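Student: Please model the entire structure based on the sequences and the hints provided.
Protein chains in written order, with our numbering: chain A, 178 to 460; chain B, 112 to 329.
These are calculated hints, taken from the structure and not from any lab test. Remember, it's a predicted structure, so these values are computed and weren't measured experimentally. Any given hint could turn out to be false.
Straight-line alpha carbon distances no greater than 30 angstroms define the calculated DSS-like cross-link-like pairs of lysine-lysine that follow [stated by the list, open to error]: (1) A:K256 to B:K320; (2) B:K320 to A:K339; (3) A:K371 to B:K211; (4) A:K210 to B:K320; (5) A:K210 to B:K279; (6) A:K215 to B:K320; (7) A:K346 to B:K211; (8) A:K210 to B:K271; (9) B:K318 to A:K215; (10) B:K211 to A:K210.
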Amino acid sequence: MHTVVSSATKTVTIGHDQPFVIIGERLNPTGRKLFQEKLRADDLSTIEKDVADQVAGGCDMLDVNMGVPLTDEPALLAKAVQLVQSLTDLPICIDSSVIEALDAGLAVYEGKALVNSMTGEDERMDLILPLVKKYDAAILALPNDEIEIPMLAKDRMVIVEKIVRRVEKEGIPLENLLIDPLAMPVGADPENVKNTLETIYQIKEKYGLNMSLGASNVSFGLPNRHILNAAFMPMAMAMGLTSAIMDGRTPEVVQAVRAADLLLGLDQWGANWITQFRASKEA
Amino acid sequence: MTPDEILTELYERTMEGNAPRVLELTKMGLELDMTPDSILFEALIPSLEEVGARFERGDYFVPEMLIAGRAMSGALDVLRPLLADTGAETVGTFLMGTVKGDVHDIGKNLVNIMLEGAGFQVIDLGVQTPPEKFIDAIKEHQPDVVGMSAFLTTTMPMFKVNIHEITKAGMRDDVIIMVGGAPVTQEYADVVGADGYAADASTAVRKAKELIAIKRAK
Numbered sequence: 178m179h180t181v182v183s184s185a186t187k188t189v190t191i192g193h194d195q196p197f198v199i200i201g202e203r204l205n206p207t208g209r210k211l212f213q214e215k216l217r218a219d220d221l222s223t224i225e226k227d228v229a230d231q232v233a234g235g236c237d238m239l240d241v242n243m244g245v246p247l248t249d250e251p252a253l254l255a256k257a258v259q260l261v262q263s264l265t266d267l268p269i270c271i272d273s274s275v276i277e278a279l280d281a282g283l284a285v286y287e288g289k290a291l292v293n294s295m296t297g298e299d300e301r302m303d304l305i306l307p308l309v310k311k312y313d314a315a316i317l318a319l320p321n322d323e324i325e326i327p328m329l330a331k332d333r334m335v336i337v338e339k340i341v342r343r344v345e346k347e348g349i350p351l352e353n354l355l356i357d358p359l360a361m362p363v364g365a366d367p368e369n370v371k372n373t374l375e376t377i378y379q380i381k382e383k384y385g386l387n388m389s390l391g392a393s394n395v396s397f398g399l400p401n402r403h404i405l406n407a408a409f410m411p412m413a414m415a416m417g418l419t420s421a422i423m424d425g426r427t428p429e430v431v432q433a434v435r436a437a438d439l440l441l442g443l444d445q446w447g448a449n450w451i452t453q454f455r456a457s458k459e460a
Numbered sequence: 112m113t114p115d116e117i118l119t120e121l122y123e124r125t126m127e128g129n130a131p132r133v134l135e136l137t138k139m140g141l142e143l144d145m146t147p148d149s150i151l152f153e154a155l156i157p158s159l160e161e162v163g164a165r166f167e168r169g170d171y172f173v174p175e176m177l178i179a180g181r182a183m184s185g186a187l188d189v190l191r192p193l194l195a196d197t198g199a200e201t202v203g204t205f206l207m208g209t210v211k212g213d214v215h216d217i218g219k220n221l222v223n224i225m226l227e228g229a230g231f232q233v234i235d236l237g238v239q240t241p242p243e244k245f246i247d248a249i250k251e252h253q254p255d256v257v258g259m260s261a262f263l264t265t266t267m268p269m270f271k272v273n274i275h276e277i278t279k280a281g282m283r284d285d286v287i288i289m290v291g292g293a294p295v296t297q298e299y300a301d302v303v304g305a306d307g308y309a310a311d312a313s314t315a316v317r318k319a320k321e322l323i324a325i326k327r328a329k
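Tutor: Structural data, given as structure tokens:
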């Protein structure tokens, strides 16, 4: 199954037989006080540097989130999407929990975007799926509902099934559906990452769907986070993860992903790996 | 072991999160006629305070905080009924819940642990807490502080709704209201009319104590 996203001039394919798709997470003001203040003052200059960093780091797509409290998020997100598209040809993952913001971002987007995200709650699916259909976008869906974030793979799979049926019913092709198998901090529960890996495996086996998750979550609250993230990625990829939202500025993690691509036969004959090596040698 | 040795080892083992040993030492202490008060205030609470201080400095990490909290909880299960008998005053009662529409609880649970560690009685309403549930629980438990947690920009507006409902129910002056969660800022807390905000678990404990002290001084 191939999920194809694009900008005006560039296409990216996500699939189990494709090199892993890295979605840069940095364009997000959560926990960045200075960035928030600037955005509130309508100053988008931080975005320029963030885009450059994520592109230089080797991202395939960029996540754009403008969730700043007490701002006009739809207007801000639309503006940011346009700005990012003027800076790079990488396709965008439009990230908001505000429906109007998703709508505004999608309306100005050139190409086929990925929408981040929707849960398995009926109310959210009612609101978001029509947008996905209207703009012919792809959607990232989280297997949690109004009651809880299930911890066990089998409970997550019940909600995945609900989401898949609903997406089919709306007439949206399953290629346009990505599931987030939910990466939770291993520091909060030793079983968390095992549950994520099990969920990834089951989604791949049962549906063959593409997936993406917030990879940095796994190392929350622990020291040397980059090393943990770098160890997690190849495990998740071996189970069937096809994409992740992560920080493109961390070479350890990006390199671990590219190495796993090669080891899993997704970078045939090491073409990308060797090209990268030559480029870094020349630099 | 002498009572002093027990206190010293309790302090150390709690900080290491050695739950079985902490429970054992607590029982040994009680058999030696040590008071539940002294076990709590001279060993367990100082230990968790040190955990919090180290966490704030970046010397301690989330799993260490969790297991230290768990070790203390085990001892508290034994001590609590005895403390109730002696009528010892608690630091305060903290009512906690993730707001309606939101199912995230990792951060909230960390705050609960640090609050318990500081001697608070914590009543956790869990996730998806509607305004009426906060109000019923305020009536029932008469907490010093009501804490609300939200992880999403779409659920943060529930702070304002909850505070409005608590005000309407005539209980706004009875409680201190604190808010927190990944996207929450001090500015946002001010706008919704909360009394306090903290960016992490140990700061939340300090802030809660400060606010209670101010209120009790009035």
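Student: So, for every hint listed, does it hold in this structure?
Tutor: Cross-check of the supplied hints:
1. A:K256 to B:K320: 43 angstroms, violated
2. B:K320 to A:K339: 45 angstroms, violated
3. A:K371 to B:K211: 29 angstroms, holds
4. A:K210 to B:K320: 26 angstroms, holds
5. A:K210 to B:K279: Violated, at about 33 angstroms.
6. A:K215 to B:K320: Violated, at about 33 angstroms.
7. A:K346 to B:K211: 29 angstroms, holds
8. A:K210 to B:K271: 22 angstroms, holds
9. B:K318 to A:K215: Holds: K318 of chain B and K215 of chain A sit about 28 angstroms apart, inside 30 angstroms.
10. B:K211 to A:K210: Satisfied, since the Cα-Cα distance of roughly 26 angstroms is no more than 30 angstroms.
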